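Engineer: As a plain string of letters, each chain reads:
Number of protein chains: 2
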Amino acid sequence: MRATFAGYSGLIMETFTPTARTQVRRLPKRGVYDKREVYAILDEGFVCHVGFALDGQPYVIPTGYARLADEILIHGSAASRMLHALGDGVDVCVTVTLIDGLVFSRSAFHHSMNYRSVVMLGRARVLADPAEKMIALRRFTNHILPGRFEEVRPPSDAELKSTTVLALPLEEVSAKIRTGPPVEDEGDIERPVWAGVVPLHTRLGTPEPMDDLVPGVAELERSRFTRF
Amino acid sequence: MRATFAGYSGLIMETFTPTARTQVRRLPKRGVYDKREVYAILDEGFVCHVGFALDGQPYVIPTGYARLADEILIHGSAASRMLHALGDGVDVCVTVTLIDGLVFSRSAFHHSMNYRSVVMLGRARVLADPAEKMIALRRFTNHILPGRFEEVRPPSDAELKSTTVLALPLEEVSAKIRTGPPVEDEGDIERPVWAGVVPLHTRLGTPEPMDDLVPGVAELERSRFTRF
Chain A
1 MRATFAGYSG
11 LIMETFTPTA
21 RTQVRRLPKR
31 GVYDKREVYA
41 ILDEGFVCHV
51 GFALDGQPYV
61 IPTGYARLAD
71 EILIHGSAAS
81 RMLHALGDGV
91 DVCVTVTLID
101 GLVFSRSAFH
111 HSMNYRSVVM
121 LGRARVLADP
131 AEKMIALRRF
141 TNHILPGRFE
151 EVRPPSDAEL
161 KSTTVLALPL
171 EEVSAKIRTG
181 PPVEDEGDIE
191 RPVWAGVVPL
201 HTRLGTPEPM
211 DDLVPGVAEL
221 ERSRFTRF
Chain B
1 MRATFAGYSG
11 LIMETFTPTA
21 RTQVRRLPKR
31 GVYDKREVYA
41 ILDEGFVCHV
51 GFALDGQPYV
61 IPTGYARLAD
71 EILIHGSAAS
81 RMLHALGDGV
91 DVCVTVTLID
101 GLVFSRSAFH
111 HSMNYRSVVM
121 LGRARVLADP
131 AEKMIALRRF
141 TNHILPGRFE
151 EVRPPSDAEL
161 KSTTVLALPL
171 EEVSAKIRTG
181 PPVEDEGDIE
191 RPVWAGVVPL
201 HTRLGTPEPM
211 DDLVPGVAEL
221 ERSRFTRF
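Taken in sequence, the protein lines are chains A and B. Counted from 1, the first sequence has number 134 at position 134 by our numbering; the numbering is strictly sequential. Counted from 1, the second sequence has number 198 at position 198 by our numbering; the numbering is strictly sequential.
Next comes chain A alone, as it looks inside the complex (with noise of 0.2 Å):
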């Protein structure tokens, strides 16, 4: 893997090397290293779900995340057995799993899903310094929404000494995706059922206000949701 210096962008790595760990095997064309698609699906979804062993047994637990340059954040209460465990820098697996949408062929085998995942390996480290604290935090509340960290009453001393945050360096990642439609067999063609894709979409509904807002506070507008 080339070396990554970051102001020299000469040099910036712009693909990961495949490692015996991350070299996608089963149906390899759908193995993606390019940087750039890894982070337009790391930034397109908020929930990952971080894999750990604890005695031997894995653990799989969903939380929220956030990508900052070439990280990848992830918080929680200091008490937190996960992240206690993460923190003690354990080997990890993070993977992120967009589904968009559902396959249908006209043989039950080849019905299928599309979908971009990414899977990241590695050991995390814990932000100690508060003021880079205060900037992941950030991140993540802008990642779900931009700009309302700036809206909201930042997070005091205690509030931060009981979070903990953790980022994992994005080095060791493979990205899988599935685009298009549906492997059919020949003999298949002629059966008269319907075949093709049917997209799926993650929508906002209608928000539900708490009841004791200040009067006149302007409802979140759809337009600052840049995902949905």
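Some clues are possibly wrong.
Treat identical chains as interchangeable: a pair holds within one or across any two.
[As the list claims (entries may be wrong)] Simulated pairs of lysine-lysine, BS3-like, Cα-Cα distance not exceeding 27 Å: (1) 29 / 161; (2) 161 / 35; (3) 161 / 176; (4) 161 / 133; (5) 35 / 176; (6) 133 / 35; (7) 29 / 176.
Simulated from the structure, these hints should not be mistaken for lab results. The model shown is predicted, which means the values in this text are computed figures rather than measured ones.
Keeping the supplied structure of chain A fixed, place chain B upon it in accordance with the hints.
Structural biologist: The following block gives chain B in isolation, referenced to the frame of chain A:
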């Protein structure tokens, strides 16, 4: 944990007994062990994240699933590394997560998400009997769209052979649920900013039919997609 005897409802287990590994410790009021509630989450979702460790490194892989009675089924190519590892009886964690809404508080700290998630621990068994495999494949297809398996070409012997199906017994299971409005600190109530919940829904987009459908084939009726 009480034994489960199918067909004798008086002894059917109605709740999962929390173990040291599935007891929800952080925010225990969010922990759910009621079987009906857990199964409702599993039956609404259709993508899980499977966690397993190989040589100490955890991996988290997204894949489709379906519940059948008291087991969760996953499947894939017989060539899949993941299914090989799991079929060898390694410890596994399968997690299903549904995101129900974004929770906006008047402080950065109390922003949250509404969600329902299920964590399942155990060891999977490989379905060896072709008849049992066929039942499982029917369940996968019809979990996405009821009745679909009956209208498409069923799996051939070769397709059946090339597919590995694993079943994880639902024994060591817990769910975690967050619902409702944000927590607010009293001092933040007067802040003139919107707060509340914005629900999230997964919706079907416009179907994209194959261009070689048999003329006159009916579209998939929206009402068949019971979960969207």
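Engineer: Provide an ascending list of the numbers of those earlier hints which the structure does not satisfy.
Structural biologist: 2
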